Amino acid sequence: MTIQDIRDYLGRYFDAVELVGDYDGPITGPAKIETARPGQVSFIANEKYLKYLDQTNASLVIVNASLALDGFKTETAFLKVRDPYSAFVFLLQKFAGPRTVAAKGISPTAVIGEGVSIGDGASVGEHAVIGDRCSIGSNSVIGSNTVLMHDVTVGDDSVLCPNVVCYDGTKIGRRAMIHSGAVIGADGFGFAPQRDGSYVKIPQMGIVEIGDDVEIGANTTIDRATMGSTVIGNGVKIDNLVQVAHNCRIGDHTVIAGQAGISGSVTVGSHCMIGGQAGFLGHLELADRIHVAARAVITKSFPERGVAVRGYPAQPMREQLRYEAMLRGIGAMKEKIELLEGEMQQLKNQG
Amino acid sequence: MTIQDIRDYLGRYFDAVELVGDYDGPITGPAKIETARPGQVSFIANEKYLKYLDQTNASLVIVNASLALDGFKTETAFLKVRDPYSAFVFLLQKFAGPRTVAAKGISPTAVIGEGVSIGDGASVGEHAVIGDRCSIGSNSVIGSNTVLMHDVTVGDDSVLCPNVVCYDGTKIGRRAMIHSGAVIGADGFGFAPQRDGSYVKIPQMGIVEIGDDVEIGANTTIDRATMGSTVIGNGVKIDNLVQVAHNCRIGDHTVIAGQAGISGSVTVGSHCMIGGQAGFLGHLELADRIHVAARAVITKSFPERGVAVRGYPAQPMREQLRYEAMLRGIGAMKEKIELLEGEMQQLKNQG
Amino acid sequence: MTIQDIRDYLGRYFDAVELVGDYDGPITGPAKIETARPGQVSFIANEKYLKYLDQTNASLVIVNASLALDGFKTETAFLKVRDPYSAFVFLLQKFAGPRTVAAKGISPTAVIGEGVSIGDGASVGEHAVIGDRCSIGSNSVIGSNTVLMHDVTVGDDSVLCPNVVCYDGTKIGRRAMIHSGAVIGADGFGFAPQRDGSYVKIPQMGIVEIGDDVEIGANTTIDRATMGSTVIGNGVKIDNLVQVAHNCRIGDHTVIAGQAGISGSVTVGSHCMIGGQAGFLGHLELADRIHVAARAVITKSFPERGVAVRGYPAQPMREQLRYEAMLRGIGAMKEKIELLEGEMQQLKNQG
Chain X
1 MTIQDIRDYL
11 GRYFDAVELV
21 GDYDGPITGP
31 AKIETARPGQ
41 VSFIANEKYL
51 KYLDQTNASL
61 VIVNASLALD
71 GFKTETAFLK
81 VRDPYSAFVF
91 LLQKFAGPRT
101 VAAKGISPTA
111 VIGEGVSIGD
121 GASVGEHAVI
131 GDRCSIGSNS
141 VIGSNTVLMH
151 DVTVGDDSVL
161 CPNVVCYDGT
171 KIGRRAMIHS
181 GAVIGADGFG
191 FAPQRDGSYV
201 KIPQMGIVEI
211 GDDVEIGANT
221 TIDRATMGST
231 VIGNGVKIDN
241 LVQVAHNCRI
251 GDHTVIAGQA
261 GISGSVTVGS
271 HCMIGGQAGF
281 LGHLELADRI
291 HVAARAVITK
301 SFPERGVAVR
311 GYPAQPMREQ
321 LRYEAMLRGI
331 GAMKEKIELL
341 EGEMQQLKNQ
351 G
Chain R
1 MTIQDIRDYL
11 GRYFDAVELV
21 GDYDGPITGP
31 AKIETARPGQ
41 VSFIANEKYL
51 KYLDQTNASL
61 VIVNASLALD
71 GFKTETAFLK
81 VRDPYSAFVF
91 LLQKFAGPRT
101 VAAKGISPTA
111 VIGEGVSIGD
121 GASVGEHAVI
131 GDRCSIGSNS
141 VIGSNTVLMH
151 DVTVGDDSVL
161 CPNVVCYDGT
171 KIGRRAMIHS
181 GAVIGADGFG
191 FAPQRDGSYV
201 KIPQMGIVEI
211 GDDVEIGANT
221 TIDRATMGST
231 VIGNGVKIDN
241 LVQVAHNCRI
251 GDHTVIAGQA
261 GISGSVTVGS
271 HCMIGGQAGF
281 LGHLELADRI
291 HVAARAVITK
301 SFPERGVAVR
311 GYPAQPMREQ
321 LRYEAMLRGI
331 GAMKEKIELL
341 EGEMQQLKNQ
351 G
Chain E
1 MTIQDIRDYL
11 GRYFDAVELV
21 GDYDGPITGP
31 AKIETARPGQ
41 VSFIANEKYL
51 KYLDQTNASL
61 VIVNASLALD
71 GFKTETAFLK
81 VRDPYSAFVF
91 LLQKFAGPRT
101 VAAKGISPTA
111 VIGEGVSIGD
121 GASVGEHAVI
131 GDRCSIGSNS
141 VIGSNTVLMH
151 DVTVGDDSVL
161 CPNVVCYDGT
171 KIGRRAMIHS
181 GAVIGADGFG
191 FAPQRDGSYV
201 KIPQMGIVEI
211 GDDVEIGANT
221 TIDRATMGST
231 VIGNGVKIDN
241 LVQVAHNCRI
251 GDHTVIAGQA
261 GISGSVTVGS
271 HCMIGGQAGF
281 LGHLELADRI
291 HVAARAVITK
301 SFPERGVAVR
311 GYPAQPMREQ
321 LRYEAMLRGI
331 GAMKEKIELL
341 EGEMQQLKNQ
351 G
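Chains as they are written, first to last, in my numbering: chain X, 1 to 351; chain R, 1 to 351; chain E, 1 to 351.
Derived from the structure by calculation, the hints contain no laboratory data.
Fair warning: this is a prediction, and the values are worked out from it, not measured in the lab.
Check the hints yourself; a few may be wrong.
Intra- or inter-copy, both count: the list cannot distinguish identical chains.
To be verified - Pairs of lysine-lysine, DSBU-like flavour, derived with a Cα cap of 30 Å:
(1) K201 x K94
(2) K336 x K348
(3) K334 x K348
(4) K104 x K336
(5) K48 x K80
(6) K300 x K48
(7) K104 x K201
(8) K48 x K201
(9) K32 x K201
Kindly produce the complete structure, drawing on both the sequences and the hints.
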């Protein structure tokens, strides 16, 4: 790829892509600004990295349209765009090419159940097990050793990496990316306590429904509903080792970071952001566009959209930060009390 | 199934099952009260849901024996029992039917080691790997791609879902349900620090022993003991993504919610409840019937049975709630101090 | 094994191994001091366990060189060494013998891609899937149902337990032990927010590089870098269910306990200890030999080596403990304020 190829490619996304300087050789791949080698392309989107501008060995750097580039060394060429970060993401997509999770077609070692429908261009990897009546959409990929139990539906252009398990009845939309070790549709954790102190299992008869354009991280678990569906909306992105319990509903384009845990029957709105290791008590509702800080614990519903919350119990950011600052000031409070006690003693002595 | 069938079935569990109203058609399945359709059965066990009594489309609703039903619409029939929640759980079990985790018999793609014993009616799924000298009880099911290393014992009527791993020597009792991705018997995390700052692995020579009627959630890990056994008692229920470290002993009928972590050599009594994301330091003991709140951290032993604890460090509920309330009142304390300072200043000025 | 065999064996590690008493029979295996049976060897390294000295049924007990043994029963023999704990660990290694994760050679049910190199004495278990151009070192073991995607390198003498997944390009050093369910090299969690509120995936083009002598726990996830490598140094030990996000660098001989979560682009120094359920915000740096307490949250870099930190936000141990003690004293502060208010009222009344 030449600089001109890259300029043309970025021109699809940006009105203006200005070239400063030049470099004749091929651009071989992307790299971080601090480790780029000659021939590579990098980017600077954050002022912190401007110091690398005259140190980098990159042959091409994507920078902000407003950046003044006078005096920088001539071996490096620059492309100036409105949003260099997004431009670089688009470039990464161009360089990345498709990952081969499984070879095209149905591996001879895969086991395919009865009444299975597999779309054109789909791949089923080695030792994958596809249960009866499953449906796999066109161009979708089922990784090696992945198990779909019966009646699982996977839409077009989705990728299930190796060693994923989808329990019976799971529905997955289009363009999903499900990473290894994820378990979709295991039983919700429901047991009815008995008088003798033992528990009777509450049958978990529902399913999991996953929308389009969803990414689910490695070893994440999403439990089936007791009745009906646990629902993961369109465009939802879930990181690794996240627990989504039975009967939850996660709204469209919500993002959930690693090791967060969503208890049963929680409804999260759309465009929310849930931080890492956050937790939820059960049966709560979050409105749209709520930000939950890392490690927060949601103990009540937040019906108002757009709120940022933090702490345990989580409360709106401003109150929580004020509260935390007061806690941090407890040493000063203690000193003031001691001072007051001394003064009081003095007054009493005088009195 | 007719209403009379359901009434007869519940009559096995309850002395009195009173029918109010009638519905002639078949009952096709269970549903939540707010989403039930004609032909479905639902229940109300909680006053919050009474508002649905005259809105629901369910053809049959299980309600509390004491509920007055005058004036409700005649299209819906009611069965009155002492405990409608448990009644509905029993009904769910009736409707659920058995899940097909693997077809009866030994799949031709499974690999069975030497000296393996497999009971009558047992199933071994596709590509499962059963190590030498394993024993699988009658009617038990080993899911596809599940691996039993050598010398693993599984009792009768147990189900291991796909992609479970049991390390060598693991013993699992009867009627177990082990969900996908669970890893039973991996090495405990034990390393002896050396003078040069490196670590020498402490061989983990013990096993994991799991009692009868245990359920273990997806992607949960239970480590083998260094010597002897990590023990999971009868009737224990463990949710997803839980860590039970080496040498732990979990008492009968204890329940552990998602993402909780039990450190090494912890002994938990019977009938305890451990909340989600709770944590434990190592080498501690909990008496029977202790409740650990979600996100609590147990930093010392609790030898007295029946205590509820909360917080980090966890302390008995009442003290912890009082402590938390005092913390929440820090703003008021600060104001009082400022008021006192003002008054003191005034007194001093007067003095 | 006789006592003399054990004495000779420990003589390789310790200058002085003194025998007190004697026992003629064979030593059949190791056991905990409180449960040892005749014929077994145990140890006492901690004063708390000295009470078992005259109760144990062990035939041999490893004790500290300085321990006075007059008056203990003659059926038990003792070996006195400088470090009985390490001595016992070495003994455990002698008794443990090698675990059979997979039989020697390549299982006929394994699927081996093109251009794969497999060293002498290596094992590939049943249904394992080895992608194109992978390299497996001498005497290494790939467990059943484990998947190596393309271009994965595993050094000599490493063990990957069953159901591990290594994504394409993963590099693993020598003498690694990777437990079941671990997922190495899944995509980092990176998405660029778009103006319409949806997200575009940032291609994760890097890899994971794991050094020598690393142990990785069950169901732990280590994500590939966006560009370049996520690096796990030599001798690192990681427990179960840990999340190491993209672009992290973990220094040599650092230990990470269960359920800890390291956010993206965090650099942890060498010889650090990270407690269970600890968390990190992204893009931070820890110097060498830092101890992070269990459940702590690291919110800023700690550039000074050797610091122990605790709390959320984590701060140096001493400050944090002082802060926590002050919080615990809030009840006393409240009482003092009330007392002052009473005295103030009295003064005002007098005034």
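- Task: Can you give me the call for K336 and K348, within, between, both or neither, at a CA distance of at most 30 Å?
- Result: both (18 Å within a copy, 16 Å between copies)
- Task: Can you give me the call for K201 and K94, within, between, both or neither, at a CA distance of at most 30 Å?
- Result: Cα proximity of K201 and K94: across copies only (12 Å, versus 50 Å in one copy).
- Between the shortest in-copy and the shortest cross-copy C-alpha distance, which are at most 30 Å for K104 and K336: within, between, both, or neither? Answer is neither; intra-copy 74 Å and inter-copy 73 Å both fail.
- Homo-oligomer pair classification [K201, K48; C-alpha up to 30 Å]: between (55 Å within a copy, 24 Å between copies)
- Intra/inter-copy verdict for K300 and K48 if alpha-carbon distance must be at most 30 Å: Result: close only across copies, 17 Å inter versus 39 Å intra.
- Query: Which holds for K32 with K201 at a C-alpha limit of 30 Å: within a copy, between copies, both or neither?
  - Reply: between (52 Å within a copy, 18 Å between copies)
- Task: Please work out whether the CA atoms of K104 and K201 approach to 30 Å or closer within one copy, between two copies, in both situations, or in neither?
- Result: between (42 Å within a copy, 23 Å between copies)
- Is the C-alpha distance from K48 to K80 at most 30 Å within one copy, between copies, in both cases, or in neither? within (18 Å within a copy, 59 Å between copies)
- Query: From the Cα coordinates, with 30 Å as the cut-off, is the pair K334 and K348 best called within, between, both, or neither?
  - Reply: both (21 Å within a copy, 21 Å between copies)
Consistency with the previously given hints fails for number 4 only.
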